Amino acid sequence: MSATLEEALIGNYGSDFLPNLQNIKQEAKSAFIKNGLPKFREEEYKFTPIAKTLEKNFSFKNQVSQEIGLPDLAGQLIEDSAVNQIIFVNGVYSSTLSKFEQTDGLIIKSLKQAAVDHADNVEKYFGKLSDVTIDSFAALNTALTQDGIYIEVLKNTNLATPFYIYYVNTAQNAETHSFPRNLIIANSNSKITLVEKAITLGNNNAFLNVMAEVVVHENAHVHQVRLQNDRNNAYEVTQTQVNQTSNSNYSAYTISLSGGMIRNNLNITSDGQNCESNMYGLYLLNEKTHVDNHTVVDHKQPNSYSNELYKGVLDDKSKGVFNGKIFVRQEAQKTNAFQSNNNILLSDSATLNTKPQLEIWADDVKCSHGCTSGQLDKEAIFYLQARGISKQKAIGMLLYAFANDVVDKIPVEGIKTYLDNIVSRRLNS
Amino acid sequence: MSNDDQILDEFTSKEYEHGWSVDLEADEAPLGLSEDIVRFISAKKNEPNWLLEWRLSAYRHWLTLKEPDWANVAYPSVDFQAIKYYSAPKKTKKLDSLDDVDPELLETFSKLGISLTEQKRLTGVAVDAVIDSVSVATTFKETLGELGIIFSSFSEAVQEHPELVKKYLGSVVPVKDNYFAALNSAVFSDGSFCYIPKGVRCPMELSTYFRINAANTGQFERTLIVAEENSYVSYLEGCTAPQRDENQLHAAVVEILAEKEAEVKYSTVQNWYPGDKNGKGGIYNFVTKRGICNGDHSKISWTQVETGSAVTWKYPSCILKGDYSQGEFYSVAVTNNYQQADTGTKMIHIGKNTKSRIVSKGISAGYSQNSYRGQVEVMKRAENARNFSQCDSLLMGNLCGAHTFPYIDINNKSAQVEHEATTSKIGEDQIFYCTQRGIDEESAVALIVNGYAKEVLNQLPMEFAVEAQKLLALTLEGSVG
Numbered sequence: 001m002s003a004t005l006e007e008a009l010i011g012n013y014g015s016d017f018l019p020n021l022q023n024i025k026q027e028a029k030s031a032f033i034k035n036g037l038p039k040f041r042e043e044e045y046k047f048t049p050i051a052k053t054l055e056k057n058f059s060f061k062n063q064v065s066q067e068i069g070l071p072d073l074a075g076q077l078i079e080d081s082a083v084n085q086i087i088f089v090n091g092v093y094s095s096t097l098s099k100f101e102q103t104d105g106l107i108i109k110s111l112k113q114a115a116v117d118h119a120d121n122v123e124k125y126f127g128k129l130s131d132v133t134i135d136s137f138a139a140l141n142t143a144l145t146q147d148g149i150y151i152e153v154l155k156n157t158n159l160a161t162p163f164y165i166y167y168v169n170t171a172q173n174a175e176t177h178s179f180p181r182n183l184i185i186a187n188s189n190s191k192i193t194l195v196e197k198a199i200t201l202g203n204n205n206a207f208l209n210v211m212a213e214v215v216v217h218e219n220a221h222v223h224q225v226r227l228q229n230d231r232n233n234a235y236e237v238t239q240t241q242v243n244q245t246s247n248s249n250y251s252a253y254t255i256s257l258s259g260g261m262i263r264n265n266l267n268i269t270s271d272g273q274n275c276e277s278n279m280y281g282l283y284l285l286n287e288k289t290h291v292d293n294h295t296v297v298d299h300k301q302p303n304s305y306s307n308e309l310y311k312g313v314l315d316d317k318s319k320g321v322f323n324g325k326i327f328v329r330q331e332a333q334k335t336n337a338f339q340s341n342n343n344i345l346l347s348d349s350a351t352l353n354t355k356p357q358l359e360i361w362a363d364d365v366k367c368s369h370g371c372t373s374g375q376l377d378k379e380a381i382f383y384l385q386a387r388g389i390s391k392q393k394a395i396g397m398l399l400y401a402f403a404n405d406v407v408d409k410i411p412v413e414g415i416k417t418y419l420d421n422i423v424s425r426r427l428n429s
Numbered sequence: 001m002s003n004d005d006q007i008l009d010e011f012t013s014k015e016y017e018h019g020w021s022v023d024l025e026a027d028e029a030p031l032g033l034s035e036d037i038v039r040f041i042s043a044k045k046n047e048p049n050w051l052l053e054w055r056l057s058a059y060r061h062w063l064t065l066k067e068p069d070w071a072n073v074a075y076p077s078v079d080f081q082a083i084k085y086y087s088a089p090k091k092t093k094k095l096d097s098l099d100d101v102d103p104e105l106l107e108t109f110s111k112l113g114i115s116l117t118e119q120k121r122l123t124g125v126a127v128d129a130v131i132d133s134v135s136v137a138t139t140f141k142e143t144l145g146e147l148g149i150i151f152s153s154f155s156e157a158v159q160e161h162p163e164l165v166k167k168y169l170g171s172v173v174p175v176k177d178n179y180f181a182a183l184n185s186a187v188f189s190d191g192s193f194c195y196i197p198k199g200v201r202c203p204m205e206l207s208t209y210f211r212i213n214a215a216n217t218g219q220f221e222r223t224l225i226v227a228e229e230n231s232y233v234s235y236l237e238g239c240t241a242p243q244r245d246e247n248q249l250h251a252a253v254v255e256i257l258a259e260k261e262a263e264v265k266y267s268t269v270q271n272w273y274p275g276d277k278n279g280k281g282g283i284y285n286f287v288t289k290r291g292i293c294n295g296d297h298s299k300i301s302w303t304q305v306e307t308g309s310a311v312t313w314k315y316p317s318c319i320l321k322g323d324y325s326q327g328e329f330y331s332v333a334v335t336n337n338y339q340q341a342d343t344g345t346k347m348i349h350i351g352k353n354t355k356s357r358i359v360s361k362g363i364s365a366g367y368s369q370n371s372y373r374g375q376v377e378v379m380k381r382a383e384n385a386r387n388f389s390q391c392d393s394l395l396m397g398n399l400c401g402a403h404t405f406p407y408i409d410i411n412n413k414s415a416q417v418e419h420e421a422t423t424s425k426i427g428e429d430q431i432f433y434c435t436q437r438g439i440d441e442e443s444a445v446a447l448i449v450n451g452y453a454k455e456v457l458n459q460l461p462m463e464f465a466v467e468a469q470k471l472l473a474l475t476l477e478g479s480v481g
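Going down the list, the sequences are from chains A and B.
In terms of this note's numbering, the numbers along the first sequence are unbroken and rise by one, the last being 429.
In terms of this note's numbering, the numbers along the second sequence are unbroken and rise by one, the last being 481.
These are calculated hints, taken from the structure and not from any lab test.
Quantities reported herein were computed from a predicted structural model and do not represent experimental measurements.
Note that CB positions come from ideal geometry on N, CA and C, so glycine has one too.
Take every hint as true, because none was put in to throw you off.
Here are some chain B residues the structure puts well away from chain A; computed CB gaps all over 12 angstroms:
1) Glu67
2) His161
3) Glu229
4) Ser234
5) Asp276
Simulated DEER-style distance windows between Cβ atoms:
6) A:Asp408 / B:Arg381: 32 to 40 angstroms
7) A:Ile33 / B:Gln390: 41 to 49 angstroms
8) B:Arg357 / A:Glu379: 21 to 29 angstroms
No farther apart than 16 angstroms at their CA atoms in a straight line, the calculated lysine to aspartate or glutamate pairs in the EDC-like style are these:
9) B:Lys176 / B:Glu53
10) B:Lys380 / A:Asp315
11) B:Lys352 / A:Asp348
12) A:Lys61 / A:Glu175
13) B:Lys380 / A:Asp348
14) B:Lys45 / B:Glu156
15) B:Lys425 / A:Asp364
16) A:Lys366 / B:Glu420
17) A:Lys56 / A:Glu175
18) A:Lys325 / B:Glu420
19) A:Lys366 / B:Glu428
20) B:Lys380 / A:Asp316
21) A:Lys366 / B:Asp429
22) A:Lys334 / B:Glu428
Start from the sequences, fold in the hints, and give me the full structure.
Right, here's the structure in full:
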């Protein structure tokens, strides 16, 4: 890893954003300068040579901003997103493109504005939910972020319509890189559903490093869907840090279909009793797409429940990496934690690296993990063939059923339909 | 479970039973490690020049390496200059019979329950007893000799079969493999060598007992087992060590080579001094064990019962190179007090239609940390590879930890790999079921633990199964009747 790339990264971004948070930003910056991007074979990035990839594809020179309008995004937005859509252009919140219903009980602002209007909350949570100096990309995002969105759902507010957040990269003329940073707060007894997706315009390389801090207060429900279906020269690193308090419910749905190299870090701290945390993931990959999912659930208090299901179908030269960690602390008695990762490889050039990890310090717990890699059941294919269904179609049906276990969990109908189309088209070709 | 605490307390305060030290007049190297020490050891053992060169290359490579820190264990770093790298019980002449053996030594054996005479007469086990670093007596050699089987101490093998040693030494665990393997290659003092010729089925279990005896002597054994085409051998290794306050380093290397249609079964019961109940003292056990299924249809099976050592770092592995070859790993690891174990296996599937099976049972009690770390790798050309892994953890008390780190790397679509892990404690309902039927709580726990570990214990040869059960009971005494 040459120092120049890191210098370019750090050097080209001003740090005047969020003046009242300069301490933490400075700390993150020093940490990044000290540690740099993940080194070759570093344990947490062992199977994802991200530094090398970035070095090869990006110069991180100053990027030229480009004006876009809604017509530029035609066909890229999910149909039912018209109601609530929040759009970032190259990491900066666009108030002209975004629109959403203003309701009581909901505060949506750019993070910049929120840092003034809701300074207490921003200062309390920005960079405070986890140690942002450990992971290179968390540090990088904290140091370089230019903007983000602040969403706060007030007490007893149930928002039925999902919020779509789009990260648009305007790579028509030159490479882009963006570092949006979001803060989501669901106060007690509230409910919100978020859908996030990156859209790259143009043919140049794009790098998106998005980080979100999600605070789920008592009895609150947060559903977070992440769709990754971008160009194959779009590179994406996502960081989600979730803190849950008692009786809260958080579910993440991470669906990766295409892209260059994708790394998702999902960290959930279950710091309350009777919390429920769900993590669902599907990676349906072809060509040379590389997807790396790292999840951590840290059970700190008794009587909580976590459930994780990640499924993968790998074709062509794609590469799937899964690393799930479950920590059960000494105090977290009566924790129930389940983790499962199932994979099907369709090609001999596809690679799978999986590491489901349990670390347990409490004795009265039920924890299990399972992990499989295999092929479709030949008998099942035969069964369908015997009923006049072509072999290829039979395989498509079975794979669809395999993937559907995850798709079916998504609570947004519009997304389900959207995915259904893509998945069945992909699997039947 | 009302008297849970009491049971745990009793069990955690249990002192190590096999702790004593016999005063043998040792022939020792000075403290520290340098090229001179490596030369000293080599000269002491009257080794040929190529072996000295081999050791020196290992030593030079070792100097360039850094002590690994990725394992889930914490211990004060080892001062490699404060260790004596060679210590041999003095002997004046070559021993022909047991009568010539130092009576004190024989007493040590009888305390350990390894009466050579008894074993000779009754069990038919040939014992290559190693005290500290030099093999003292080898029994049944003649019987084995008739079949062409070579089973001797490593030093003897170097003198008598240099061509075999030269051919196979380092072929499975190369000099540059890892930090501790390099260290071992540089300073290994003795060990066992076993060679089973083509088509021979070894009629008895081969067994060697290791015992660390002199204070401050790290023991660096080297074991090399070669099974030629269509042969079979079952090899047993077990050990106990006397009580010491300073940590002692043990960095052994075991290499196994199985040719076409050969089968090697390697069983270990490890009961080194784990330190006292405050975590003081105990053995550091950093071992590299690896087998290669070189030929088609070959099989290597590792079975281990780990109850001792303060820190264990051990991953018996199989490289499944031959088509249709099989690897197995069965393990029970028990940690108590402040013991730390990071153990598991690697199954590297290279050949077609290779199969592997991993069964690992961890039991943690007291303040101990027990980790399973395993890797299953299916290479691109390994068509139809099959793996099944199961690793279960049992926690006793809430001050200990159980950790699982399974790495699964698949590069072939036809691979079928399954991994499964659970963590649990002994169910109150299970205990209740037993007590209701008139079985007291302690026996109930024993029953449940034995049942839990049975899948692994069943894999041990008869002679060892008994010892293993005894050890399990001893380690968990108080909670196990």
